[in-house]
Structure formats: structure tokens, C-alpha cells
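**Student:** One-letter residues, chain by chain:
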Amino acid sequence: MTQVLTADAQATSRRPRSGGPVPGSARDRWSRRGPLLPALIFAIVVTQVPFLVTLYLSTQGWNALRPGERRFVGLDNYGTVLTDGRLRAALVNTVVLTASAVLLSVLLGLGLAILLDRKFPGRGIVRTLLITPFLVMPMAAALLWKHAIYNPAYGLVNGVLGGETDWVSQYPMTAVVAALVWQWTPFMMLIILAGLQAQSTETLEAARVDGAGPGQTFTRITLPHLRPYLELGALLGSIYLVQTFDAVFTITQGGPGTATTNLPYEIYLTTFRKFEYGEAAAAGVVVVIATMVVATFALRVLSGLFRMEESSR
Amino acid sequence: MVWTSAAWLAGLVFFLPVLWMVLTGFKREVDAASNPPSWLFSPTLDGYRQVFDRDIVPYLLNSLMASGFATILVLLLAMPAAYALSLRPVEKWRDVLFFFISTKMLPAVAALLPIYLVVQQLGMLDNIWTMVLLYTAMNLPLAIWMMRSFLLEVPREVIEAAAMDGAGLLTTIRRVILPMVSPGVAATALICFIFSWNEFFFAVNLTATRAGTAPIFLVGFISSEGLFLARLCAAATLVSLPVVLAGWLAQNKLVRGLSMGAVK
Numbered sequence: 001m002t003q004v005l006t007a008d009a010q011a012t013s014r015r016p017r018s019g020g021p022v023p024g025s026a027r028d029r030w031s032r033r034g035p036l037l038p039a040l041i042f043a044i045v046v047t048q049v050p051f052l053v054t055l056y057l058s059t060q061g062w063n064a065l066r067p068g069e070r071r072f073v074g075l076d077n078y079g080t081v082l083t084d085g086r087l088r089a090a091l092v093n094t095v096v097l098t099a100s101a102v103l104l105s106v107l108l109g110l111g112l113a114i115l116l117d118r119k120f121p122g123r124g125i126v127r128t129l130l131i132t133p134f135l136v137m138p139m140a141a142a143l144l145w146k147h148a149i150y151n152p153a154y155g156l157v158n159g160v161l162g163g164e165t166d167w168v169s170q171y172p173m174t175a176v177v178a179a180l181v182w183q184w185t186p187f188m189m190l191i192i193l194a195g196l197q198a199q200s201t202e203t204l205e206a207a208r209v210d211g212a213g214p215g216q217t218f219t220r221i222t223l224p225h226l227r228p229y230l231e232l233g234a235l236l237g238s239i240y241l242v243q244t245f246d247a248v249f250t251i252t253q254g255g256p257g258t259a260t261t262n263l264p265y266e267i268y269l270t271t272f273r274k275f276e277y278g279e280a281a282a283a284g285v286v287v288v289i290a291t292m293v294v295a296t297f298a299l300r301v302l303s304g305l306f307r308m309e310e311s312s313r
Numbered sequence: 001m002v003w004t005s006a007a008w009l010a011g012l013v014f015f016l017p018v019l020w021m022v023l024t025g026f027k028r029e030v031d032a033a034s035n036p037p038s039w040l041f042s043p044t045l046d047g048y049r050q051v052f053d054r055d056i057v058p059y060l061l062n063s064l065m066a067s068g069f070a071t072i073l074v075l076l077l078a079m080p081a082a083y084a085l086s087l088r089p090v091e092k093w094r095d096v097l098f099f100f101i102s103t104k105m106l107p108a109v110a111a112l113l114p115i116y117l118v119v120q121q122l123g124m125l126d127n128i129w130t131m132v133l134l135y136t137a138m139n140l141p142l143a144i145w146m147m148r149s150f151l152l153e154v155p156r157e158v159i160e161a162a163a164m165d166g167a168g169l170l171t172t173i174r175r176v177i178l179p180m181v182s183p184g185v186a187a188t189a190l191i192c193f194i195f196s197w198n199e200f201f202f203a204v205n206l207t208a209t210r211a212g213t214a215p216i217f218l219v220g221f222i223s224s225e226g227l228f229l230a231r232l233c234a235a236a237t238l239v240s241l242p243v244v245l246a247g248w249l250a251q252n253k254l255v256r257g258l259s260m261g262a263v264k
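Residue numbers (our numbering), protein chains in the order written: chain D, 1 to 313; chain L, 1 to 264.
By construction, these hints were calculated from the structure, which means they are not laboratory data.
Any given hint might turn out to be false.
Claimed, not checked - Going by beta-carbon spacing under 7 Å, a handful of chain L positions derived as facing chain D:
| id | residue |
| --- | --- |
| 1 | SER5 |
| 2 | TRP8 |
| 3 | PHE15 |
| 4 | VAL22 |
| 5 | LEU23 |
| 6 | PHE26 |
| 7 | TRP39 |
| 8 | PHE41 |
| 9 | SER42 |
| 10 | PRO43 |
| 11 | LEU113 |
| 12 | LEU140 |
| 13 | GLY220 |
| 14 | PRO242 |
Keep in mind that this is a model prediction, so the values were computed, not measured.
Even glycine gets a Cβ: it sits at the ideal position worked out from N, Cα and C.
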């Protein structure tokens, strides 16, 4: 389809235009690039340059509390980062938090999307109710969960279930993950619902005529059709959830101990509480490398959808 | 019937915490902290009154400015870029498109320290324009992808017909393309506004009292000592309200924006 598209573009530009630039000339190329440049330059300056600076800072032994002692230490900070118990705990917590929140919200989102895929009285209202958690400001949501829902004395959970469990200190990771799943399930539901509604009714009809039961139709036709949507949801969710900060900062402050300290929160502590700039930078680079692994998969999924989009045009 | 009830039940369960937040915001502190939680109470505006007494207004204005200007700047940068990546594409448009989205995958923590140091050197800590620039960078890739997918929906025949009628490039853009994509522009603007309005990580590290945004106002409620639940819920409801209302109104457009235009 790329070829078709390019051929199409060439066909358009080959058509003579009064006073227009000669097709394929340098002027034509620059008139195409012109509108792109401001955005491109802005993105490079604001996102790529800081990362290069982070790379440089990661080679510095630099505690901001001792400004005179800044020096080049090579890869020492990486050694510290990779052997430091706190950071290793943070890495494990990040993986646990991200993986469980993504997995649970995708599964719940799938269930809800299936429920909402049929017409029923009040469907619009139910959908509106369901997407609301995603729209609540994350910081407000984190406070709401910490104080109004998990509070041992007057929180909603104990109010409904009874008992005096202190959810945040007894089950800190579960508490954070539950709040995140509540907030992210609507996002997954919206994407999966879009996938369900893009399904061709003819195929489903044909399957029914051929005698496939609802279960068979679901596993053999619907699930394979939904796969790219599920992948997209999971990957976008991972990219956002790996950076979880508001919920950890607010609900548990990373505790008790380091039970819920994830990498963004640990790097925040290293930078703004311990002022170890060099170590914080090295930890940041490690996070980028880990994210790149996930991102490679993300880009693959996106280009898959991209091809779908183009071949359907 | 079973499925309909299940759907309604799920909707109510997910909405319950939000309902609880709104209700608690209208309680007196005694009712808010009652054990067991009270469903019946006489509503009061005390919580809201105290939130305004504690000067939430400057924070809301900061949020409005940071999010509003960032959204305008994003659109100004993203619309031409999306045009250059869709209707009259540059060479290697695919690579450029992927470059933009890859910047979204760079974790903010990895860029925070140099940004902090540069901003500090420039004397621009606790400055609203710093936030405008950061939020612009944060939303730009998303906006370009979204705008591109809307531009691709403009039928080629319409554009060609305009050219046949002798319309120049700029006239075609202004008279034909822009009117057709204006709902898409609105959706893009909305998504950018939502993400900027809700942003916390950069705000907490780069702003304080002068340029603090709405989520920063909430930081004061984190410690449980001296906690006032009704006031907290009133504040949380207030800062969430604009985005919740906007999201309800534009829910059909949300999907596409959130999935970066990859899913329609």
C-alpha cells in the first residue's frame, strides 16, 4: 500500500499547476518540509537534548549538597545503580506494579467491552459511568483512594465490607494496583470496544450460519480480530503505567519501607531528597533502556495497525 | 436481561468511588469521618467554602493558563506537521512519524534532572511558561498522530476539485480542509488540555507557590495529620470537574485520541 500511496502522490504532483514549483524540485521538497520543521525542531530540542545531558550527567560523581566535589567517574554510577538494593527493589516493584495493573485492566476492560457491545437500555449512561474514573485527575483519584476509600476507620471499603483493616499499610502494593486498575480499565475498555465495533457483522453472521456456538465464535473469530487492539491497549498502558508517580507519591510514599517504591519514585527521591544527581541520571538511563525494550514491541504493534489502516484505505 | 444487569452493576461499581467523592464533598466534617460511612446527611457547602478560602483560585488559573497556552501552541505546531506527514507527505514521512511517537516513550524521569538544572540556571523555576513548554512537548506527538488521522479522512477528490477550480494551496487549506477537520482539531485540543490539566510529575518538581497548578494544590492533603475529608473531597471534585464534563461530552472522540489515532 505504501507503493500505491507514493504512486498516488506522484500522480498528483505530476499534474501541472499554474505557478507551482516544478515537481520533485528542491523548492517543492522544501515546501513540503517547511510545515514540519517547527514541530520537529521543538521535539528534538525539548526531548532529545535533555536525554543526552542525562547521559553526560550519569558519568559524573555529583552530589548537589557537596558542589565542589563534582568529577568524572565513568561508569561508576551504573555500578552503584545496578548493585544498590533499593534500586533493585524499585525495579522489581516497577515490573510487578506495571504488569499486574496492565494485565488486570486489560482483562476487566475486555469483559466490560463485551458487556457494552450489545444494545441495551441505558447503554450510553453505563458507558459514561464507566469512563469517568479515567477522567478524574490522577492526583485527586490517588487522594480519594488513600483517604476516602482505604481509611481504616471511615473508609468506604471497610464501610461496605466491615472490619478495621488498614489496607494501605497491610496490602500496600495491592492498594496501589487496585487504584490504578480502577483508573485504567476504562481506557482499555474504550480501545477494545472500538475493536469490537469494527468487527464485520457478515463474518459473525457467516460463523453463526456455519453452526458455530457463541463460545466458538468468540475464541475463533472475535479474539483473533481483537488481538491488535488488546496489544495496543496493553502497550500504551505499559508506557504510561511504567511511569506511575502520582499514586505512589500519594497513597504509600513508596512504603512501608521500599514495598511500593517504583523507579520513577526512587529516582525522584535520589534527585530531590538525597541530591545524588549522578546516580539519579544513571538510574534514569537504565529506565530508558528498559523502556526501549518495551517500546520496540510497541512500535511493532503500531506499525501493524498502521498497515491495517493503509490497506483499508 | 442478565447481561444488561451485569453491565449496569459494573457501571455503578466503577462509578461508586466518584459518587462517594462528590457526596463527601457536600458533608460536614463530622459526617465525612463517621464510622460506619453515612449515606444520609444534610448537605452543606462548607467544604467548598473552605477550599476557596484556602485560595484554590490562583492554582486553577495557573492550570488554565498552562494547559490553555500549551494546547494552543501544540495545535500551531502539530497542524502543519500533520499536514506535511499526510496530504502532501515529505520523503521518509513514516520515519518522522515514528520519531515523534518514540519521544512519547521516553520516561519523564530520565529527562527531569537536566530539565530541572536548565530551568534553574535560566531562573525559570516556578514559572508558568516553563510548564507551557513542557506540556507542549508532552502532547505534541499525540497531537500530530491524531491530526494526521483526521487529515487522511478528507477525501482526495474534494481537494483535487478545489485545485481544479483554481484555488491555491492556502485557500484550499483555509476553505476546504480546515472546516472539514475542525471536529478533529477540537478533539485533539481537548485531549491535550486533559493531559496538561492532570499532569503532576513535572508540576510537583518544577513549580511551587507562584506557578503551582491544580494538582499541586492537592499536595497539601497528602499527610493524614489534620486531615479534613470533606474539604479534600470538595477540592478533588472541583479540580476534576472540568475534565470529567469535557470527557463526557466528547467521549466518542476520546478513543481515537487516546490510542494516538491508531484505532478508529
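**Student:** Now tell me if each hint is right for this structure.
**Tutor:** Hint check results:
At about 9 Å, the closest approach between the beta carbon of SER5 of chain L and any beta carbon in chain D exceeds 7 Å, and the interface hint on this residue is violated. For TRP8 of chain L, the suggested interface contact is upheld, since its CB lies about 6 Å from the closest CB of chain D, less than 7 Å. About 4 Å separates the beta-carbon of PHE15 of chain L from the nearest beta-carbon of chain D, less than 7 Å, and the hint is met. A least Cβ separation of about 10 Å between VAL22 of chain L and chain D goes past the 7 Å threshold, and the interface hint is therefore violated.
For LEU23 of chain L, the suggested interface contact is broken, since its CB lies about 10 Å from the closest CB of chain D, more than 7 Å. With a cut of 7 Å, the hint placing PHE26 of chain L at the interface with chain D is violated, because the nearest CB-to-CB distance is about 13 Å. This hint is violated: TRP39 of chain L has a C-beta 9 Å from the nearest C-beta of chain D, more than the 7 Å allowed. Checking PHE41 of chain L against chain D: minimum C-beta separation of about 13 Å lies over 7 Å; hint violated.
The restraint placing SER42 of chain L at the interface with chain D is violated, with a minimum CB-CB distance near 18 Å, outside the 7 Å limit. The beta carbon of PRO43 of chain L is not positioned within 7 Å of any beta carbon in chain D (closest approach about 16 Å), and the interface hint is therefore violated. Contact between LEU113 of chain L and chain D, as hinted, is supported at the beta carbon level, the nearest pair being about 6 Å apart and thus within 7 Å. Interface restraint check: LEU140 of chain L against chain D, minimum CB-CB distance 6 Å, threshold 7 Å, status holds.
A hinted interface residue such as GLY220 of chain L counts as satisfied when its beta carbon comes closer than 7 Å to some beta carbon of chain D; here the least separation is about 10 Å, so the hint is violated. Nearest Cβ of chain D to the Cβ of PRO242 of chain L: about 9 Å, over the 7 Å cut. The hint is violated.
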